[in-house]
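The task is simple: from the sequences and hints, build the whole structure.
Protein chains in written order, with our numbering: chain A, 1 to 136; chain B, 1001 to 1294.
Check before you lean on any hint, since a few could be wrong.
[What the hints assert, rightly or not] Here are the computed distance ranges between Cβ atoms for each label pair:
#1 B/Val-1027 with A/Gln-121: 37 to 45 Å
#2 A/Thr-103 with B/Lys-1154: 20 to 28 Å
#3 A/Glu-109 with B/Thr-1029: 43 to 51 Å
[What the hints assert, rightly or not] Counterexamples of contact, computed for chain A against chain B with all Cβ distances above 12 Å:
#4 Arg-55
#5 Leu-99
#6 Tyr-118
Hints are computed from structural coordinates only; laboratory data are not their basis.
C-beta atoms are modelled at their ideal positions from N, C-alpha and C, and glycine is treated no differently.
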Amino acid sequence: MMSRKISCSILTPERSLFEGDVDFVIVQAHNGEMGFLINHAPLISELGVGEIRLREGKSTEYLVVEGGVVEIKDNRLIILAESAMKKSELDPQEIEAKLKELTELKDKEYAKFSNERYLIQLEQEKFKARLKVAMK
Amino acid sequence: MANQRDIRNRIKSISNTKKITSTMEMVSTAKMKKMQVRLEQSKPYENKVNEIITNLISTGVSATLMDPHFREVSDPSRILILTIAGNRGLCGSFNTNIIEKSLNFKDKLVEEGKEVLNYVIGKKGINFMNFIKEPMYKSAPNPEDKITFDTATKIGNELRQLFISGEVHEVYIAYTKVVSSSSQKPEIIRLLPIPPDEEVLKDPTSRSNVEYIFEPNPARIFSYLLPLFIKVRIFTCFLESAFSEQFSRRVAMKNATDASGEMIRELTISYNRARQAKITNEIAEIVGGAAALE
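Here is the structure:
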């Protein structure tokens, strides 16, 4: 059954986050989720902010990715993320606190439609995605 | 001949110095190893980004070369040089070499009648520029081993903005390249505009003929990857510089430790000589005194 797997590696500039064979990969693409099984056609896609699920047998591993690209070719899947974290590295309480802080900051400090507000909004999205993964 | 106590004090102070230098050697060896690991970790990422860009170019997406990151100005007159120096001294000629390289390059450009902006990273670099009264466009301390990809992102975006808005026509980085783990040399590379054929020329045989599906479309991916490429470039430059700095510090400290060991050895010999001379002198005095009594 080994041949039914795709080899998957998740890289960030700082480190290699995951390396191994998995059955099924779901990534957060730029406009929705995208799943990869064996013998997928060669593809390059942009990633959004969201979760990655790696299914291996009956267990599933969760990761969070914040932008990047994914490439699949010859059953070799490579995710180049700008920043990514494993579920085990996330602490829901900490993220929640940070999220709250950002929300307060956003409502208090910045006017609507300002550039700063937009940047905080982006930051918030990231933390929301992290929280979602951490709560799994 | 210097007296016994003077020599002993000197030996003591040199062995203190030796302790410091050998500790610094060990510290920079440890830091160097850490940087090496990080460099190795970031290598596959860089290679992959390059590979995907190569693939994109070779699939013949004609729109790709129109990207503003490739835009060459026919007569570039405003040029920015990003110089990556260290924060601290005691690392041999690391800082001098890179500053000299960057200044020579700058002088050459100025001779050609171009306006050059200096962007200096690293306290040692900044201090030197201040000392020779060289104006700086901008300066920042070196993040050293705290460098993260975010730092590179910030600098990358800043440089990209300057370039794309047309404020500067070319951007160069002066950094210390790691040629091999035992040899580093200062180098200047052009960051922007991206030399158009660089990735393709690297290894033309590796061009794949695979028809990729691009999601959402090649141009979009390309315009995402190019800034990423630049950030990764900057990130590696920082990592390589940090590695080189630790490496040359290690070498400098090793030399200092060796030299102080040698000095202690020589001083110990003259210390023993002085002690022996003193004893001989004393015996001669006692013998002389006894002879006078008889």
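These are the hints, each one checked on the structure:
Distance hint check: the CB atoms of B/Val-1027 and A/Gln-121 are about 43 Å apart, consistent with the given range 37 to 45 Å. Between A/Thr-103 and B/Lys-1154 the C-beta distance comes to about 24 Å, which sits within the given range of 20 to 28 Å. Between A/Glu-109 and B/Thr-1029 the Cβ separation comes to about 46 Å, which falls inside the hinted range of 43 to 51 Å. Against chain B, the non-interface label of A/Arg-55 holds: every CB pair exceeds 12 Å, the least being about 21 Å.
Distance check for A/Leu-99 against chain B: the nearest CB is about 19 Å away, which clears 12 Å, and the non-interface claim stands. The non-interface label for A/Tyr-118 is consistent with chain B: the shortest C-beta to C-beta separation is roughly 15 Å, beyond 12 Å.
Every hint, counting from the list given before, is met by this structure.
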